[in-house]
Amino acid sequence: MKPVHHQSACELLQAQEAGELSAVRITEACLDRIGKLDGSVHAFISVRPERALEQAKSIDERRRRGEKLGPLAGLPVALKDNMCTVGWETTCASKILKNFKPPYDATVVEKLRAADAVLIGKTNMDEFAFGSSTESSAFFATRNPWDLGRVPGGSSGGSAAALSAGFVPLAVGSSTGGSVRQPAGFCGVMGLKPTYGRVSRYGLIAFGSSLDQISPLARDVRDLALLTTVVAGYDSRDSTCINAPAPDYVAELDEPCDGMKLGVPAEYFAEGLDADVAERITEAIATLDELGFEIVEIRLPHTKYAIASYYVVATAEASSNLARFDGVHYGHRTAEKTGLVELYSLSREEGFGDEAKRRIMLGTYALSSGYYDAYYLKALKVRRRMKEDFDRAWQTVDAVLCPTSPTTAFRIGELVDDPLAMYLSDIFTVPANMVGIPGISMPCGFDGSGLPVGLQVMAPNLEESRLFRVARAFQSHTDFHLSRPDL
Amino acid sequence: MIDEKEVQHVARLARLKLSSEELNRFSSQLSKILDYIGQLNEVDTSSVEPMSHPLDLVNVFRADEVKPSLSREDALAGAPQKRDGFFLVPPVLEWGSSEE
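Protein chains in written order, with this note's numbering: chain D, 1 to 487; chain W, 488 to 587.
Treat the hints as calculated values from the structure; they're not laboratory data. Be aware that a few hints might be false.
[Stated by the list, open to error] In silico contact screen, one side only, chain D against chain W (beta carbon under 7 Å); selected entries:
#1 R64
#2 F100
#3 P103
#4 S210
#5 S239
#6 Y305
#7 A308
#8 Y330
#9 G339
#10 L340
#11 L343
#12 S345
#13 I360
#14 L377
#15 R383
#16 G436
[Stated by the list, open to error] Derived lysine-lysine pairs resembling DSS-like cross-links, with alpha carbons at most 30 Å apart:
#17 D/K304 x W/K519
#18 W/K569 x D/K101
#19 W/K492 x D/K337
#20 D/K95 x W/K519
#21 D/K98 x W/K569
#22 W/K554 x W/K569
#23 D/K2 x D/K68
#24 W/K504 x D/K95
#25 W/K519 x D/K387
#26 W/K504 x D/K98
#27 D/K111 x W/K554
#28 W/K504 x D/K337
#29 D/K381 x W/K519
[Said to hold, decoys possible] Pair by pair, the computed Cβ-Cβ distance ranges are:
#30 D/K36 x W/N528: 47 to 55 Å
#31 W/A564 x D/F139: 18 to 26 Å
#32 W/D531 x D/D248: 40 to 48 Å
#33 D/K304 x W/S534: 17 to 25 Å
#34 D/A244 x W/L575: 41 to 49 Å
#35 W/F548 x D/Y372: 25 to 33 Å
#36 D/K304 x W/P555: 48 to 56 Å
#37 D/D248 x W/S556: 28 to 36 Å
#38 D/P3 x W/V553: 51 to 59 Å
#39 W/R549 x D/L37: 42 to 50 Å
#40 W/H540 x D/P256: 42 to 50 Å
Predicted model, so just to flag it, every value in this text is computed and none were measured. All C-beta atoms in this analysis are idealised placements derived from N, C-alpha and C, irrespective of residue type, glycine included.
Full structure from sequences and hints, please.
Written out as structure tokens, the structure is:
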């Protein structure tokens, strides 16, 4: 039998049903691997072995009694540390929330527990999800399992690295501008940014409220469809949640893709795209062409303005959302004896890291009197232009194919002193968040240094199923998703 | 361009007590970012409605019924300082000098 860390979530479910493995054995194998290797990867902020084993034990007992178990029974799941877990530190990788223990579970966490998943640990991230490399974590940088000198991407870098390193079969992250697809691409795993409003955000610590979406990660498409089916759906506690039933994505996975048209936007192959990445994407497009998909060239002319408009909208929303961290209700409070306004300003100055401050400043500036029209309103108008680009594309194609990122994983420290260059690494993922549409990233090969390349597919609102079917077609004829780093 | 004086003003609005090193660094970094953002002016948006949200949202109402919620104890559990069931803060108004 293959070792646990080489088995997919679906294989682990079958092995339990066949009596070859138990939830306890799977959990022990994951904990063991984390214990051996996370000292070099640094994917987790906190791991709770006793609780995980307790949960696994009770799942095994219920199985012995013949009880009906949830769809993720006995599968260890890693959670990005910006989703609230009752009584379990939820830090957003920030000093300001270092010892914060939420008084409630996020809806996603409730759903995972109800599905009998084993919550094994909380993963590292860029502070408040502000970043594309997981280097802005206040605690430590996570390393890319394919090359420990490189970043795993971000902001959900811990979740992507944990999957890639074989620490867990499933992970959950969140996406505001590419924070799941980009690290999935860098780490050679899969990530889905669902349609805005498809997954409840109750209990997700907010960054950009018109952009944020909880986003699942897995190593192959069947596992990803399974996890998405569990987390998607309406929740009355999130008023931006779409009130429509979520399909069974696994059941729809094997429906044929007959006659599906895939659009390739010329703007995504412009300057700045790494030559190896361009080559792998072109090969992937050729593979899909051979598989019977119709490939069509399309135009998305406002792509070049994606980063400029995104960094106005996202920081404006972030500056408002982060106003709640005031040193009064929870989180860090300055030890200085001061008046009230000083208490706010000092607590925030001491608690927030560099990138958080920079974004709060940028967003506050864009919303401030005299600049609101020139920056914030202008960015919202350009955002409408981006949506019109995609609406036009959907008249001729069913999905859009492009690279996930312009490069493969960069070196630790390479971009930390140049915030703008770091922002530009999100150029291909930001549009889906700005427009609200779903997007997926899947492994499609390696560059000359052996680093994974991600292929992105985007579809119209609520067409996650279409993305899964394209990925299934691709993965049934390729084996990039089966490659694992040597650790 | 955004100078240190403006950065100072924005920091006050954002309730951040930046150090002088940060004021200096942020003013050059933010200037560079704002300069890049300036390219948005190339886009003709004369007849375009701003898009504040990806969904056509409407207000979501619910019946005005009492439902279970956090207890006072749970809500206060993370407070850095509390007293008698309240969040504790320093005096909002400074008395001292005006009393003479």
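How the hints compare with the structure:
1. R64: 34 Å, violated
2. F100: 6 Å, holds
3. P103: At about 4 Å, which falls below the 7 Å cut-off, the nearest Cβ of chain W leaves the hint on D/P103 intact, so it holds.
4. S210: 5 Å, holds
5. S239: 4 Å, holds
6. Y305: Holds: closest Cβ of chain W sits about 6 Å from D/Y305, inside 7 Å.
7. A308: Hint holds; D/A308 Cβ to chain W Cβ min 5 Å, cut 7 Å.
8. Y330: At 3 Å from the nearest chain W Cβ, D/Y330 passes the 7 Å test, so the hint holds.
9. G339: With a closest approach of 6 Å, the D/G339 hint holds.
10. L340: At 5 Å from the nearest chain W Cβ, D/L340 passes the 7 Å test, so the hint holds.
11. L343: Status holds, d = 6 Å.
12. S345: At 4 Å from the nearest chain W Cβ, D/S345 passes the 7 Å test, so the hint holds.
13. I360: Where the cut-off is 7 Å and the nearest Cβ of chain W is about 5 Å from D/I360, the hint holds.
14. L377: 5 Å, holds
15. R383: 5 Å, holds
16. G436: 3 Å, holds
17. D/K304 x W/K519: 17 Å, holds
18. W/K569 x D/K101: 16 Å, holds
19. W/K492 x D/K337: 27 Å, holds
20. D/K95 x W/K519: Holds. D/K95 to W/K519 sits at ~27 Å (cutoff 30 Å).
21. D/K98 x W/K569: 19 Å, holds
22. W/K554 x W/K569: 26 Å, holds
23. D/K2 x D/K68: 27 Å, holds
24. W/K504 x D/K95: 16 Å, holds
25. W/K519 x D/K387: Judged against 30 Å, a Cα distance of about 27 Å means the pair holds.
26. W/K504 x D/K98: Roughly 20 Å between the alpha carbons, so the hint for W/K504 and D/K98 holds.
27. D/K111 x W/K554: 20 Å, holds
28. W/K504 x D/K337: 15 Å, holds
29. D/K381 x W/K519: 22 Å, holds
30. D/K36 x W/N528: 47 to 55 Å: 54 Å, holds
31. W/A564 x D/F139: 18 to 26 Å: Holds, since W/A564 and D/F139 (Cβ atoms, about 23 Å apart) stay within the stated range.
32. W/D531 x D/D248: 40 to 48 Å: Roughly 45 Å apart at Cβ, these two residues keep to the hinted range, so it holds.
33. D/K304 x W/S534: 17 to 25 Å: 21 Å, holds
34. D/A244 x W/L575: 41 to 49 Å: Holds, since D/A244 and W/L575 (Cβ atoms, about 45 Å apart) stay within the stated range.
35. W/F548 x D/Y372: 25 to 33 Å: Between W/F548 and D/Y372, where Cβ atoms are some 29 Å apart, the hint holds.
36. D/K304 x W/P555: 48 to 56 Å: The hinted range 48 to 56 Å holds for D/K304 and W/P555, with Cβ atoms some 50 Å apart.
37. D/D248 x W/S556: 28 to 36 Å: Because 33 Å falls inside the window, the suggested range holds.
38. D/P3 x W/V553: 51 to 59 Å: 52 Å, holds
39. W/R549 x D/L37: 42 to 50 Å: Holds, at about 47 Å.
40. W/H540 x D/P256: 42 to 50 Å: 35 Å, violated
Checked against the numbered hints above, the structure breaks hints 1, 40 and satisfies the rest.
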